[in-house]
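> Going line by line, the protein sequences match chains A and B.
Under our numbering, the residues of the first sequence are numbered 1 to 126, in order.
Under our numbering, the residues of the second sequence are numbered 1 to 185, in order.
Watch out, some of these pointers could steer you wrong.
[Stated by the list, open to error] With a cut-off of at most 25 Å between alpha-carbon atoms, the simulated DMTMM-like pairs for lysine to aspartate or glutamate come out as follows:
no.	chain 1	residue 1	chain 2	residue 2
1	A	K74	B	E132
2	A	K93	A	E19
3	B	K90	B	E162
4	A	K96	B	E136
5	A	K93	A	E29
6	A	K74	A	E61
7	A	K93	B	E124
8	A	K96	A	E52
9	B	K84	B	E162
10	A	K93	A	D73
11	B	K37	A	E52
12	A	K93	A	E31
13	A	K96	B	E34
14	A	K62	A	E52
15	A	K93	B	E4
16	A	K74	A	E86
17	A	K96	A	E86
18	A	K74	A	E39
19	A	K71	B	E136
20	A	K96	B	E124
21	A	K93	B	E133
22	B	K37	B	D125
23	A	K93	B	D40
24	A	K93	B	E132
25	A	K71	B	D125
26	B	K6	B	E162
27	A	K71	B	E132
28	A	K62	B	E136
29	A	K30	A	E86
30	A	K96	B	E133
31	A	K71	B	E162
32	A	K93	B	E136
33	A	K71	B	E133
34	A	K93	A	D23
Honestly, the hints are just simulated from the structure, not real lab data.
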Amino acid sequence: MRYILIIAATLFAASAQAEAPRDFLARFEKEAGAAASAERGARFFTTKQGGEWSCASCHTEKPMQAGRHAKTDKAITPLAPAANAERFTEAAKVDKWFRRNCNDTLNRLCSAQEKADVMAWLLALR
Amino acid sequence: MQTEPKPIRVWDLPTRLFHWSLVASFAIAFVTAESEKLRDIHVIAGYTLAGLIAFRLLWGFIGGGYSRFAEFLPTPRKLADYIKSLMNGKPQHYVGHNPAGAVAIFLLLGVGIAAAASGWAVYEDLGGHFMEELHEGASNGMMAIVVIHLAGVIVSSWLHRENLILAMITGWKKLRNPAHENSAG
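Given these sequences and hints, build the entire structure.
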């Protein structure tokens, strides 16, 4: 029983290591080795990048507002941190959804530069 | 005493249709899991899987012969004896599910229910990130059991020199020694 409690506490501590949206901008800029551009991020986000969908197909061109899933029409909460405090607070979640959504929109993974640019733009939205 | 191989009908049609439909629905759900574009197909495959398992749970009680849960409910004793017989190189032969296979089947049914239920919750936006993790864990767990099940089928087919895959397609097995058969139940 004591071991179960210790394991549960460890898991809880691991999951509670919350990060701030700015941490991801810093991380992606560091990985890219270059500064991010919010302007480039906006263009990347709102235009198709070779796939059938752009990021905006689900998240809209103004991610301060709620989006709709382009396939299932289900509501998607706003992506911009200023509109939704839960966004970009957990590394596992951020990595997972960049992986999935980049594959859907680009048919490949996003580069660190692309992710940095998108982060810069999302963080600038008010 | 060795007698003429005697053909016996082991798997009834509903059990075989269930088995291969479950294979198809799980395979489709698994390969469409990473894509939002294929989300509708993924969800349909998942609900199909849930419906198939619901049918199998019912068939385990009202179905006939070797399809019934009571026929292959693996007691710890039978499982231990069976594994011992494998290690001794003299594997006990079962007409229906052997005790190890039966464990895999009950695990698959249980984990399949967990995967489908958590998938439904994710689709309905219930349970947040935790539910997503649970869904992925259950689904990957199901795939792991499938791999073990496949390994068991191959090893068992080889040890007993019988084609278990063909038996799940046609429903028939040939009994070499009908007097020495076991039943897991």
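> Now tell me, hint by hint, if it's right for this structure.
A quick look at each hint next to the structure:
| no. | hint | result |
| --- | --- | --- |
| 1 | A:K74 x B:E132 | holds (16 Å) |
| 2 | A:K93 x A:E19 | holds (11 Å) |
| 3 | B:K90 x B:E162 | holds (15 Å) |
| 4 | A:K96 x B:E136 | holds (12 Å) |
| 5 | A:K93 x A:E29 | holds (19 Å) |
| 6 | A:K74 x A:E61 | holds (17 Å) |
| 7 | A:K93 x B:E124 | holds (18 Å) |
| 8 | A:K96 x A:E52 | holds (21 Å) |
| 9 | B:K84 x B:E162 | holds (20 Å) |
| 10 | A:K93 x A:D73 | holds (22 Å) |
| 11 | B:K37 x A:E52 | holds (9 Å) |
| 12 | A:K93 x A:E31 | holds (18 Å) |
| 13 | A:K96 x B:E34 | holds (10 Å) |
| 14 | A:K62 x A:E52 | holds (19 Å) |
| 15 | A:K93 x B:E4 | violated (61 Å) |
| 16 | A:K74 x A:E86 | holds (18 Å) |
| 17 | A:K96 x A:E86 | holds (15 Å) |
| 18 | A:K74 x A:E39 | violated (29 Å) |
| 19 | A:K71 x B:E136 | holds (21 Å) |
| 20 | A:K96 x B:E124 | holds (19 Å) |
| 21 | A:K93 x B:E133 | holds (10 Å) |
| 22 | B:K37 x B:D125 | holds (18 Å) |
| 23 | A:K93 x B:D40 | holds (22 Å) |
| 24 | A:K93 x B:E132 | holds (10 Å) |
| 25 | A:K71 x B:D125 | holds (15 Å) |
| 26 | B:K6 x B:E162 | holds (13 Å) |
| 27 | A:K71 x B:E132 | holds (19 Å) |
| 28 | A:K62 x B:E136 | violated (31 Å) |
| 29 | A:K30 x A:E86 | holds (23 Å) |
| 30 | A:K96 x B:E133 | holds (11 Å) |
| 31 | A:K71 x B:E162 | violated (46 Å) |
| 32 | A:K93 x B:E136 | holds (13 Å) |
| 33 | A:K71 x B:E133 | holds (22 Å) |
| 34 | A:K93 x A:D23 | holds (14 Å) |
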